[in-house]
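Residue numbers (numbering that gives the first Met the number 0), protein chains in the order written: chain A, 0 to 156; chain B, 0 to 156.
There may be inaccurate statements among the hints.
The list that follows gives simulated cross-link-like pairs (lysine-lysine, DSS-like), each with its CA atoms no further than 30 Å apart [unchecked claim]:
hint : chain 1 : residue 1 : chain 2 : residue 2
1    : B       : Lys-56    : A       : Lys-24
2    : A       : Lys-56    : A       : Lys-24
3    : B       : Lys-24    : A       : Lys-24
Don't read these hints as lab results, they were simulated from the structure. Here the structure is a predicted model, which means the values were calculated and not measured.
Number of protein chains: 2
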Amino acid sequence: MAEQPTFAQRGSTEAVEEGLAFALKFDADGLVTCVATDARTGDVLMVAHMNAEALRKTVESGQAWYFSRSRQRLWRKGESSGHGQRVVEMRVDCDQDAVWIKVEQAGGGACHTGRRSCFYRAVPIGGSGAMTLEFRDAEQTFDPAGVYATSNKLPGA
Amino acid sequence: MAEQPTFAQRGSTEAVEEGLAFALKFDADGLVTCVATDARTGDVLMVAHMNAEALRKTVESGQAWYFSRSRQRLWRKGESSGHGQRVVEMRVDCDQDAVWIKVEQAGGGACHTGRRSCFYRAVPIGGSGAMTLEFRDAEQTFDPAGVYATSNKLPGA
Chain A
0 MAEQPTFAQR
10 GSTEAVEEGL
20 AFALKFDADG
30 LVTCVATDAR
40 TGDVLMVAHM
50 NAEALRKTVE
60 SGQAWYFSRS
70 RQRLWRKGES
80 SGHGQRVVEM
90 RVDCDQDAVW
100 IKVEQAGGGA
110 CHTGRRSCFY
120 RAVPIGGSGA
130 MTLEFRDAEQ
140 TFDPAGVYAT
150 SNKLPGA
Chain B
0 MAEQPTFAQR
10 GSTEAVEEGL
20 AFALKFDADG
30 LVTCVATDAR
40 TGDVLMVAHM
50 NAEALRKTVE
60 SGQAWYFSRS
70 RQRLWRKGES
80 SGHGQRVVEM
90 RVDCDQDAVW
100 IKVEQAGGGA
110 CHTGRRSCFY
120 RAVPIGGSGA
130 MTLEFRDAEQ
140 TFDPAGVYAT
150 SNKLPGA
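Generate the whole structure from the sequences, applying the supplied hints.
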């Protein structure tokens, strides 16, 4: 018996936006954008990508899997660092080309630089010309050197 | 006198990740991903794209500007609907290819389908095979037919 396909064919705009068929629009590289937020605080932890297999594994296991564009391979968040993400809820957007997962972040944080969130710098609003960033919530919550093996320094997307 | 460039040249990984120069990595189409969350609730309202000009306008004006891939043009969120987004804070991620804005969403919501958020359907976790979505926070908070002119039906990215 043939395996049941995970994703539906995309129909009309009406079907994609108002229907209940999971009809993701993968980009030319076979990816959708995934935003992971902290289920407790609402903070955005990271933005990464999923291919069809990463998405299927995430849904089936309840653990976040991504596809690394730089390394061109599937990875389970936490496979190197031990800082996995348990998915509390997954949502898909109106045109079904992005997903949002609310996660329980294990360990010190999501960012390979040792912070809880990858978004640890702010862009001041109201300026013009050259923009200078400001650190915000940038304290390290773990030591990345102690967590990642040298050969595995860049777990990100 | 030459205008001061908005964005810095990208240096080493160390400089991009730990520095204060705003050195965005635009993709092959000249875009970065932007996640907009509700500054009050933390909910993800939408995921869209910004090009350099949209980003500059957003920072200078404090109102969210995006670049529509489908319409290939710059747009200010709310220009059709009146439902603008005031940017409370902007963050950039570790490798500087995504930004996160916390916004005060004007009007009924951010989604052109009439919902507060574009993420009004959940993907059940733990299943396998064909996945069926479930509506979640999907009540319409405004009537899109009354808000968008017919010629402007798809304000999204």
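So, going through the hints one by one against the coordinates:
{"no.": "1", "hint": "Lys-56/B x Lys-24/A", "verdict": "29 Å, holds"}
{"no.": "2", "hint": "Lys-56/A x Lys-24/A", "verdict": "18 Å, holds"}
{"no.": "3", "hint": "Lys-24/B x Lys-24/A", "verdict": "23 Å, holds"}
Hint compliance for this structure: every hint is met.
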